[in-house]
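Colleague: Sequence:
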Amino acid sequence: MASSYRRFLTLCKNWPIDTSKAADKDLAVFIRENIAKTFRHADATRIEEPSKCENIYESLQRISADYHLNKYQLDKPYITASCKATRDECKAVLSKEGSDVIYENDTHILEKVKSKF
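Residue numbers (the working numbering): 1 to 117.
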């Protein structure tokens, strides 16, 4: 399915790699690796289940285009329900630097996160 391969390549080009995250925690890297595994023979790859492939592509496309973020706009700033941290605070904790801070000492992980807020 040459057209599927090209569509997934276009999706990869439009999906930025988040350099603030470690490669093993970045969704874009994970998607690229799985596309490379699935389409080992590039255009010559034969897809066993074309409908499943199409569903995966459409789902990834919606995520990439922020479809649901735009469809369900919130009046309030983005706040997570469990810790009431803002989107930027969550990004900071999930970044490479945040991971380094969390794992740098032997203290309990929750104590480290609490101390940052």
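Warning: the hint list may mix true and false statements.
Derived Cβ-Cβ restraints for the label pairs, each shown as a range [claimed, not checked]:
no., residue 1, residue 2, range
1, Leu27, Lys114, 37 to 45 Å
2, Glu111, Pro50, 27 to 35 Å
3, Ser3, Ser82, 39 to 47 Å
4, Ser115, Lys13, 17 to 25 Å
5, Thr38, Pro16, 39 to 47 Å
6, Lys71, Leu27, 13 to 21 Å
7, Ser64, Lys114, 30 to 38 Å
8, Ser115, Ser51, 22 to 30 Å
9, Ala65, Glu111, 24 to 32 Å
It is worth saying that the hints were derived from the structure and are not from the lab.
Being a predicted model, the structure only gives us computed values, none of them experimental.
Just so it is clear, CB atoms sit at the ideal spot from N, CA and C, and this is done for glycine as well.
Colleague: For every hint, state whether the structure bears it out.
Modeller: We went through each hint and held it up to the structure:
Leu27 and Lys114 have their C-beta atoms about 27 Å apart, which leaves the hinted 37 to 45 Å range violated. Between Glu111 and Pro50 the CB atoms are about 50 Å apart, so this pair departs from the stated range of 27 to 35 Å. Here the CB-CB span from Ser3 to Ser82 is close to 42 Å, well matched to the stated 39 to 47 Å. A hinted range of 17 to 25 Å for the beta carbons of Ser115 and Lys13 is inconsistent with their spacing of about 40 Å.
Against the hinted window of 39 to 47 Å, the Cβ-Cβ separation of Thr38 and Pro16 comes to about 21 Å, which falls outside the hint. Checking the proposed 13 to 21 Å range against Lys71 and Leu27 shows it holds: the Cβ atoms sit about 20 Å from each other. Taking the beta carbon of each, Ser64 and Lys114 are about 34 Å apart, inside 30 to 38 Å as hinted. Against the hinted window of 22 to 30 Å, the Cβ-Cβ separation of Ser115 and Ser51 comes to about 49 Å, which falls outside the hint.
The hint said 24 to 32 Å for the Cβ distance between Ala65 and Glu111, and at roughly 39 Å that hint is violated.
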